[in-house]
Amino acid sequence: MKILMKPIEMIAWFTNDGIPIPLRYRIVSKDKTNIVVKVGKVVTKDEEKLAGNRMLIYRCESIINNIQKTYEIKYEIETCKWFLYKM
Amino acid sequence: MEQRIIFHIDANSAFLSWEAAYRIQHGEKIDLREIPSVVGGDEKKRHGIVLAKSIPAKKYGIKTGESLYSARNKCPSLTVVPARHGLYIKCSNAMVGLLKKYSPLIQRYSIDEVFLDYTYGNKNYMAAANEMKERIKKELGFTVNIGIGPNKLLAKMASDFKKPDMIHTLFYHEIEKKMWPLPVEDLFMVGYRTKSKLNSRGILTIGDLARQDKKYLCSWLKKYGLLIWNYANGIEDSQVRNDSLPLKSIGNSTTTPFDVETKKEAYLVLLSLSETVSMRIREVEKCARVVTISIRNNEFYSFSHQRKLNTPIDSTNCIYETSKELFDELWKGEPIRRFSIELSQLCSNDFCQLSIFDLVYEKERKLDRTIDKIRNKYGCDSVVRSCFLYSGIKPLTGGVIMEEEYPTMSSLL
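Protein sequence lines, in the order shown, are assigned to chains A and B.
According to the working numbering, the first sequence is numbered sequentially starting from 1.
According to the working numbering, the second sequence is numbered sequentially starting from 1.
Only true hints are included.
Have a look at the derived ranges for each label pair, beta carbon to beta carbon: (1) LYS6(A) x GLU321(B): 53 to 61 Å; (2) ASP259(B) x LYS6(A): 43 to 51 Å; (3) SER386(B) x LYS30(A): 48 to 56 Å.
It should be emphasised that the hints constitute simulated quantities derived from the structure, not laboratory data.
Since this is a predicted model, take the numbers as computed values, not measurements.
Ideal Cβ positions, reconstructed from N, Cα and C, are used throughout, including at glycine.
The task is simple: from the sequences and hints, build the whole structure.
Here is the structure:
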């Protein structure tokens, strides 16, 4: 996987405990078109606090262009921003 | 009494490695710690000095505190990143938060240094130190040095031995081997002026200092001589304090973006410093009996002037008026690059002597408190004096962050 760290627009749901679970996101591709990706499965969820900054990392699987892909997305708690971290 | 076990935990090139960890978290591929890089102030505002450096930058002979201009001369490929104080506070809090799990006795000595009393810890101290170091590295993404000793001084000396990412011990029986061969300026509280004084009398290493006659040092350097003699022999017995030291003074200073040449501009700078410093003194509920101002001119000479007042003050206007008077007596008309105001001889603000000549005291007090409340609620720039409009001078100056105070270096352990 390669580090991309691209900001994405996200639809997520939050559990009763306040944990966000990603559902579907939109990313601007190289030719400036929007691509919508449905999160097929969240494989793992971890928290990191590098430099004291809390982020949730999700390893997910989706089918993009008929190919199953594994990738990682990050949620920065302080700013409420989502990123496509690695793919 | 059982021998104490004190840890001194010191983040390695703190500002730089915190910035590097933050960047890596945000997908940056280059680790600033592995290339010649520094954290520097804003050169346009004439704050262009090196605040922290990476280890590869150190190899070029770059020193903390030197100007970015001379640092670039030493290493043309130098990467300079701006300072981010909010991030540093977050990192520091995260580090203290992690360390609090190991001992309730913890003292924040500065933004990147912590003392921790592990005398009653439930693990072997070496194993505990190793675990702390590894957890900080893994969870927070930066490395620390841990010094272990029987008191705070020796722990601090030990953490300075070899960097980065190391644990060192310095117990009484190791002083002779590990600390005495070091040059005398490495000792805590020995600066470059004392160094030259001591060197002139043949005292070159900490060992030389420790072997001197105590009475001789005492008669030569007075109380300070005794202090450094004690330190050279590893004698120091202060406690790891959870609470902060009582305040002795409050001051703010600023280097102006341009040389100030007129009295009008100088007054504005003093007013904006008075705003900050008076808000701080009211915040801690104190009044000051002494006001000191100091200025540094364009040739880097500094002058200061102070006055003891008949009645203690905390109002912005009183502080401003006093500093204006002091400035008029001090200034000879040369361009100035740095101003500072300091308030000292603090006393409590609830019972203090009033002056029969201060008729507006109560009104002014109310006004100051109201403005403080508005600024705390809506931000520092919510209410500003109109004289600052279009002046090019910020309405409040001094300090790096208004929202949160953080511990700065102190000569007291």
